[in-house]
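Enquirer: Taking the hints into account, I'd like the entire structure generated from these sequences.
Those sequence lines, one after another, are chains R and U.
Okay, so the first sequence: first residue is 1 according to the working numbering, each after it adds one.
Okay, so the second sequence: first residue is 1001 according to the working numbering, each after it adds one.
Treat the hints loosely; a few may be bogus.
[Unchecked claim] In silico DSS-like pairs for lysine-lysine, Cα to Cα no more than 25 Å straight-line:
1. U:Lys-1029 - R:Lys-341
2. U:Lys-1231 - U:Lys-1022
3. U:Lys-1029 - U:Lys-1075
4. U:Lys-1075 - U:Lys-1231
5. R:Lys-218 - R:Lys-363
6. R:Lys-341 - U:Lys-1075
[To be verified] Just a few of them, taken from the derived set where beta-carbon distance is under 10 Å, the chain U residues facing chain R:
7. Asp-1218
8. Ala-1228
9. Lys-1231
These are computed hints drawn from the structure, not numbers from a lab.
Just so you know, even glycine gets a beta-carbon here, dropped at the ideal spot from N, CA and C.
Below are the chains, spelled out letter by letter.
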Amino acid sequence: MADPARAPLLSEDRAAQLAAEFGLKPEEHERALAILGRQPTLTELGLFSVMWSEHCSYKSSRVWLRELPTKASWVIQGPGENAGVIDIGEGLAAVFKMESHNHPSFIEPYQGAATGVGGILRDVFTMGARPVANLNALRFGSPDNPRTKRILDGVVRGIGGYGNCVGVPTVGGEVNFHPAYDGNPLVNAMTVGIARADRIFTAKATGVGNPVVYVGSKTGRDGIHGATMASAEFSADSEELRPTVQVGDPFTEKLLIEACLELMETDAIVAIQDMGAAGLTSSSVEMAGKGGMGIELDLDAVPQRETGMTAYEMMLSESQERMLMVLHPGREAEAERIFRKWELDFAVIGHLTDTGRIVLRHKGAVEADIPLAPLESEAPLYRRPTTETPKQPTLDAAAIPDPAGIEQALLRLVASPDLCSRRWIWDQYDSMVGGQTARRPGAADAAVVRIEDHARALALTTDVTPRYCQADPETGGAQAVAEAWRNITATGARPLAITDNMNFGNPERPEIMGQFAACIRGMAAACAALDFPVVSGNVSLYNETRGPDGTPRAILPTPAIGGVGVLEDVAQAVGLALPPGLDLVLIGETKGWLGQSLWLREIAGREEGAPPPVDLAAERRVGDFVRTQILARAVHACHDCSDGGLLVAVSEMAMASGIGATLLPAPEGTPEHAHWFGEDQARYVLAVPEAAPLLEAARTAGVPAARLGKSGGEALVLSGGRSISIRSLQEAHEATLPALMAEA
Amino acid sequence: MRAAVVVFPGTNRERDMALALKRAAGGRKPAMLWHGDAELPAGLDLVVLPGGFSYGDYLRCGAMAAQSPIMRAVKAFAERGGHVLGVCNGFQTLCEAGLLPGALLRNASLRFLSMDCHMRVERADTPFTSRFQRGQVFRATMAHGDGNYFADDGTLDRLEDTGLVALRYANPQGETPPEANRNGSARNIAGVLSPNLRVLGVMPHPENQVDPMIDGTDGLPLFESMAASLKAA
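Expert: Next comes the structure, spelled out in C-alpha cells:
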C-alpha cells in the first residue's frame, strides 16, 4: 500500500523512461535506485539527474582537474567553493571565478549571456565580496555565417544590459571567430570582487535547527533542467529548448548585491550559497553536504511567481537572482528587515537537521527523502578513454613564400576578425562605473582597476589561443596560462592566480577527452613554473553539434584563463600606447615561428603546423625581468607579442596613441615575413627613453633583448623606405566590426 | 559644502559621485539618502541625483524615481532655492519630475553608448561651472542607453535665448559637428540649467574624471565650482 505521507513512487518502467529523458545513463539510474533502496518519486529522480549531470558533477573532468596546482602562500580558498579567494595584501582578498553560459547563449543569445553575467556575479558576492570588475571571453562562428551576427549582437547586448545595470564595470575580455564555433558559441564570464580577507563567507552549513532562508526573486518555471541541457550536445532542433533558458533581471541582482553585503556586515550568516545551475537542488544539497548536515525544506514556503508549481518544478527551476542562506538562530528578523528594505523576498523555508538526509515536504507529502553523503560520494566519476592529438610538423619559415608583402599583410592582419578593433563591443559596456578603472579595454595588456580607498590595484585579463590548443593541446594549455601571466606582467603587476573555464566537445569521444587531458597537462606545467595556481574554475563539455549527416563537429579546445595580478600602487601601471621620441626594445627571442600563426591563416590561407613552443623557464625569466624594469619606472609603454607577431604588436601600440615608429631591418637569415609576423612566445616590446641601459640590464639578467627602432612620426617606417601610415592602419583596424554588424 | 547623494533602488554611480564630492569638498563625505525618506536632512547645500537604473528603468528612465517620496522633498528643496545636480539617470529624473524641461530619449543608434565624449562649457557664471572658462572643452565618460535630449523647438529656443544650455557635445577643438553628438541630442545639448541656475542636469559622468590616477581630472572643475559656490552657504 502507498504511504499517504509520501508522494507517489514511479513505476519501474516509468522511472527508467524518465531517467533516460533526464539524461541519466542506465548505470547511473541503477546506482540511484541502490542508494534509495526503492523506486524514486518524480522529484527524487529529478534531484539525482541534475546533481549527477556533467554540469553539476564534473564527472568526466574531475579526475583531470586534480592535476592542476591550486596552492600558494597567498591562496585563501582554492577550487571547490563558489569562487577562489587570494590574499592581495593590506588585509584584502580578491574573490574571482569564470563561468560558461555557452549552451543558453546559442539558444537565446541575449538572455543566455545576461544570465551568465548574473550567475558569476552571484558566485562572487556570495562569498562576501563586492564585485568590482567583469571580464569575458567570447568565441563566435565564422563572420561569414549569417547567424554569427545575430549571436554576437545578442551576446554583447546581453552582457552590457546586465553588467551596465548592476553597476559593475566590464573592463576586459577577448573575442575570436572560427567556423568551429558556428553551432556552439562560447560565452565565458568572469567576475572579480574585493572582500576583507578575514570576512569570507562559504557554503558550509552547520548547526542543527538553524533556519534555512530563501532570499531574492520568486521561483518560476524558467530554466527547468537547464543543467541537463548544458550537459548534452546540440542537434538540429536545439532552438526548441528555449524554455530551458532563464530570464535575467539585473535590477533585482543589484538589490540582492546590496542586501547581501549589508547583511554580511553583521554576523547573522552561518553559510550562504547562490542558486545557480540546478537552483534550489544544488544549493541545498551542497550547503548541507559540505557541513555534513541534513536539511529539511518546506516547499510551501518558497516564494513562487506562478501558481500550481510542483515540488519537482520548484527544485529544478533555474529562476535567477535567488540565494539560500543558513542563519544563526534568532537572527531572522534582523535579516528580514534588510531584505524587505531592498524590496526582496525573504522566507524561512526549512532548517538543518542531524539526519544527513535531504527531506522535502510539499502540500503535506514527503516529495523526497535522500541520504546526502552517497549523493556526493557515489556520484559517477569517469576516467574516460583518451587518444592523443597527433603532433603537427614544424613548418620551415623559409619554405613558406610571402604572397603579399609586409605592408599589405599588416593592413590585412590588423583588419582581420581576430585582430581588428573591439571598440564596437567595448562601446556598449560601461567600463568606468565605480570610478576605479585606471586602464580600460585597449589601454593596456590587462585591465587595471584600483581598489577603492587604496593605492593598490588589480590587473585582470582573459586569454587562450584555441588554434594552438587544437594543433597541440598541451602546448596550447601552457600557452594560455603563460599569456595571461604575460599580459598581467606587461602592466607591471605581479601575477597571482587564475580561474579556468574549460570549454570542450563531447567527452565521450576519446579524441576530445585526449584534448582535455593534454590541455590540463600543459596548464599544470605552466601554473607550476609561473607560481600561478588555479583557484576556481568551470567546465563546459558537449560543445558540439551534429551536422545533418550525423557527424559531430566540436569546437576548438578552449581552456579560457582568467588571470589576476596585483600592483602595490596604481601609479606603477604602464599601458601600451606608444609615446613619441622613445627607443623601442624587443625583449625575448625571435626565431620567426609561422606554424599556426595568424599570418599563415589570414595571408597564406593555411591553418597548419605545430604552434610556437612555450619555454616556461624562459617565460619566467623574461617576464620577471620586464616587470622589474617597469617597477623601476624605466618603461613608458609595454605590450606583449601575441596574435599576429611583432609587427602587429608595434602597430597596436602605435594605433593606440597615433604615434608611429621607424624600425630596424629584420636580422640576416630570418625571412622578413617570419621576423615580423612569427608568433614566438615570451616576448615584449618596451618603449624606453634610452635603449642602452635596458640592453645592458638584459645582458646581465641573461634575457635576450634587441633594439627595435624609435618612436615618432605618423607612420611605421620599415627598411628600404617602406612606410605605412598609422591613420591607414587605424582605419583598417576600426572598420571591420562596424561593417560586419552594420545591419544587426 | 554640505552635500547629499540620493540612492534609489538600482542607482549604481553613487559611490563614484560620493568620491568626487568628497575630493572637491576637502574630504567631507556627502550624506547618503534613501529613496523612501520623505525629508532631507536640515542644512543641506546640495542634493545630487546620481546615475544608474532607478527602479530598473523598466518604465521610462527616471519616471518611477520622479514619483518617489524623496523627490517630493527634493522638489521642495529646489523650489526654496536649493542646489540640485542630476547626472545621467539623475538628469532623466529631473526632467521626469518637471524640475528641468525636455526629455531623454533612446540614443539615436538604439545602442548603449559607453565612451568618452567632449563637452563645451556654454557659460561659466553658474554655481556648477565657475571654475571653467566659457568655451572651455572638457572630456567625460558617457554611459547611457537613453541620453538623446529632446524638447520641442519652442522650448529649445527659449533655453538658448535665456542661456540655460550649460553644456554642449563638442569635438576637442570646441566645434559642435554631428559626429561629436553620439546620442543624437537636440542641438548637441548635454547639460541644462533651471532658470535660477541652481538645478543642473548633465548626461555624461564628470564624476569619473576627478582623479589623476584613474582617468585624469577633466571633470574636477565642476565639483570644485560647486564647492566654491556653496562654501559660504
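Enquirer: Next step is simple, just say for each hint if it's right about the structure.
Expert: These are the hints, each one checked on the structure:
Our distance criterion of 25 Å between C-alpha atoms is met by Lys-1029 (chain U) and Lys-341 (chain R), whose separation comes to about 23 Å. A threshold of 25 Å between alpha carbons decides the hint, and for Lys-1231 (chain U) with Lys-1022 (chain U) the separation of about 13 Å falls inside it, so the pair holds. For the hint linking Lys-1029 (chain U) to Lys-1075 (chain U), the alpha-carbon distance of about 23 Å falls within 25 Å, and the restraint holds. Between Lys-1075 (chain U) and Lys-1231 (chain U) the CA atoms are separated by roughly 22 Å; this keeps the pair inside 25 Å, and the hint holds.
At most 25 Å may separate the alpha-carbon atoms for a hinted pair to count; Lys-218 (chain R) and Lys-363 (chain R) meet this at roughly 18 Å. Taking the CA atoms of Lys-341 (chain R) and Lys-1075 (chain U), the gap is about 24 Å. The hint holds against a cut of 25 Å. With its C-beta approaching chain R no nearer than about 13 Å, Asp-1218 (chain U) sits outside the 10 Å limit, and its interface hint is violated. The beta carbon of Ala-1228 (chain U) is not positioned within 10 Å of any beta carbon in chain R (closest approach about 22 Å), and the interface hint is therefore violated.
For Lys-1231 (chain U), the suggested interface contact is broken, since its CB lies about 24 Å from the closest CB of chain R, more than 10 Å.
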